[in-house]
Every structure is written in structure tokens, then in C-alpha cells.
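Undergrad: Top to bottom, those sequences are chains A and B.
Counting from 1, position 16 in the first sequence corresponds to residue 16 in this note's numbering; the numbering is continuous, with no gaps.
Heads up: take any position in the second sequence, counting from 1, add 99, and you land on this note's numbering.
It is possible that some hints are incorrect.
Stated by the list, open to error - Distance condition first, Cα-Cα at most 16 angstroms in a straight line; then the derived EDC-like pairs of lysine to aspartate or glutamate:
| # | chain 1 | residue 1 | chain 2 | residue 2 |
| --- | --- | --- | --- | --- |
| 1 | B | Lys243 | B | Glu233 |
| 2 | B | Lys243 | B | Asp143 |
| 3 | B | Lys204 | A | Glu71 |
| 4 | A | Lys73 | A | Asp12 |
| 5 | B | Lys133 | B | Asp143 |
| 6 | A | Lys73 | B | Glu169 |
| 7 | B | Lys133 | B | Glu122 |
| 8 | A | Lys46 | A | Asp35 |
| 9 | B | Lys133 | A | Glu71 |
| 10 | A | Lys72 | B | Glu122 |
Keep in mind that the hints were calculated from the coordinates and are not lab data.
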Amino acid sequence: MTDSHEDKHGNDVGTYVTVFLVLAFLTVIELYVPDVYSGPERQHPKMLLLVFLAVAKALIVAYFFMHLKWEKKWLKWIAIMPVYMGLFAILLMLESLYR
Amino acid sequence: MSTAHSTTADSAIDTSHDHEAEECPHFGQATGGKIAMWMFIAQDGMSFGGLLLAYGILRITSADWPIPAEILGIHLTAIATFLLICSSLSMVMAVDGAKQQNKAKTVRWLLVTILGGFSFLGIQAYEYTHLVGEGITFTTSTWKGQPINNLFGSTFYAVTGFHGLHVTAGVIYLLCIFKGAMAGKYTQGGISYSHVELVGLFWHFVDLVWILVFTLIYLL
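Can you make the complete structure from the sequences, with help from the hints?
TA: Shown next as C-alpha cells:
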């Protein structure tokens, strides 16, 4: 049986192993970030960098391992629903920062 | 519509069923099960979002919050994180095997994924035992004999415990799928492989959430 859907995916083992290596590499970087940004004056860059790395890793998992890259738009809209919550939290934080 | 037209339409539908499901303009070839799983994941993601938001608010508004890295075993948890990432790779390989209708490959990689899940749970059980022994419990927190903010233990167990329950549910779900895979249920053609894909979606979600929990609870 020809699976044209799979052909469109191009989801071969090579892609998965590459994604895995990228995730492992980013995890190693995460472990070194607290040591590099250790002083109290460097807490903000540390926080921003760690959150950025975590969000990047989460997106990579969703995009490649959960096959969102190859899904139609509507499924992506369902998947992005929890992100609104994060945006709402950022909005509340900005409001309290600049009140 | 004339009878001749109906007959032509019916035969057209039959033919399309023989080959592949008709593509939906909105969801493509995604099965009902896949759409339902994604809706569940989105809702579950919001549950985790609520917990993490509450954790963030409690932590920011507490002046005496301890530094997590000084109490929690970062290196051990990093190994657990790596194990979950490895199990995500093995899960995607199992789905690949099911798509290729390769029973041996599907069973092999599902087994590796289950072992990864059990290893993660083992590390979490060890961590909990160690922390409770040190005085960090769900309601009270003491560290090296000194009382610390009780919310540290409460939020730690609430968030990581809720995730641990998801890993447990995921392992049970994987064991059920593993049993079916052993019987060759998902490698008999058609869309039966999508059952492996569904457990894969749940398992990757558990991994995705841990990536965020690891940063927010342990590293920050």
C-alpha cells in the first residue's frame, strides 16, 4: 500500500535522530546556564535564556515528534490553545511591571 | 438527484474507501481519534498551565523562596530528563514501525519506551523518598533542620506529582498498546497503526511538559 501521507512527511529515521540530538544538546546547554549566569545581577538574562531554551525544546517536540509540522491548519489551532494561557500570563506580568 | 447519479456517487465512495480515507479540507487525513487526542492534550496542557502559573505567582510573591538547585538533585533529574527525551525517540520509532507495518520494529521500540517510562518513575520515586527524608513534604518544608517556606514542598509535589501521574498513565497506556502490538493488531494494514500514533502523541506530550517543568521547577 502506497502511503502518500508518509511521503509528504519525509519523516525518516534521520530526521528523528537529528531532532533527538538537538534536544539532547539543548538540555546540556540548559545545565550550564545557571553556572554561567550565577550572580544575582544576572538573574534576568538567566531566566530569559532558560525559558527560551525550554520553549524551543517544547516546540521542537510538538513540531517534529508530534508531527504538527505535517498536520493541517485546524489541528495546529487546537494544539496552540494552551499557548493563549501563556500569552495571558505575560500580559498580566507586563501590566504589573508598568503600572 | 437521479438514481443513476446516486449509483455513480456510491461507487465513487466505495472506491475511495478501498484506497484511502477521503481527505478532509480542515483536518486532512487526521482520524477522529487523533483530533480527539489533540483536544485532550490541549485541555491537559491548560491544566498544567494553571499549575505552573500558580507556582510562578506563589514563588514571585514569596521573599524567602529557597534556591531550588541547592535542594533538588539537578544532575539526577537531568538524567531523568534525558531518559524521557530518549523515550520520545523510541516512541517515534515505534510509530514509524507501525506505519511500515513492521511488527518486530513496533514491539521492540514500544518496549524501549516502556522501560524509559519505568526508569523515569523509578528516579522520581527515589527523589521523593530522599526529599521526604530530608524534611521536604507536601505540607511542611525543612532543610538541614531549618524551616523553609512550606509552599516550596507543596508546589514541588503538586506539579511534579501531577506530571508523574501522567507518566504512570502513559506507561499503562503503552503497556496496553504493547500487548496489542505483540498480537499484531496494529500491523495488519488500514489505519490500525494510528492507535500507536495516539499513544505516541500522549507520550510526547508528557515529555514536552517535563521539559517545561524541569526548567521552571528545577533550573530557575
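Undergrad: Hints first: check each against the structure and report whether it holds.
TA: The hints, checked one at a time:
1. Annotation: proposed proximity of lysine 243 (chain B) to glutamate 233 (chain B) holds, straight-line Cα distance about 7 angstroms (limit 16 angstroms).
2. For a cut-off of 16 angstroms, the pair hint linking lysine 243 (chain B) to aspartate 143 (chain B) is broken: about 36 angstroms separates their Cα positions.
3. The hinted pair formed by lysine 204 (chain B) and glutamate 71 (chain A) fails the criterion: a straight-line CA distance of about 25 angstroms is larger than 16 angstroms.
4. At roughly 23 angstroms between alpha-carbon atoms, lysine 73 (chain A) and aspartate 12 (chain A) are farther apart than 16 angstroms, so this suggested pair is violated.
5. Among the hinted pairs, lysine 133 (chain B) with aspartate 143 (chain B) is consistent with the structure: their alpha-carbon atoms are about 15 angstroms apart, no more than 16 angstroms.
6. Taken as a hint, the lysine 73 (chain A) and glutamate 169 (chain B) pair is broken in the structure, with Cα atoms around 44 angstroms apart against an allowance of 16 angstroms.
7. Between lysine 133 (chain B) and glutamate 122 (chain B) the alpha-carbon distance is near 14 angstroms, which keeps this suggested pair within the 16 angstroms criterion.
8. For a cut-off of 16 angstroms, the pair hint linking lysine 46 (chain A) to aspartate 35 (chain A) stands: about 9 angstroms separates their Cα positions.
9. Distance check on the hinted pair: lysine 133 (chain B) and glutamate 71 (chain A) sit about 11 angstroms apart at the alpha-carbon level, within 16 angstroms; holds.
10. With a C-alpha separation of about 11 angstroms, the suggested pairing of lysine 72 (chain A) with glutamate 122 (chain B) holds against the 16 angstroms cut-off.
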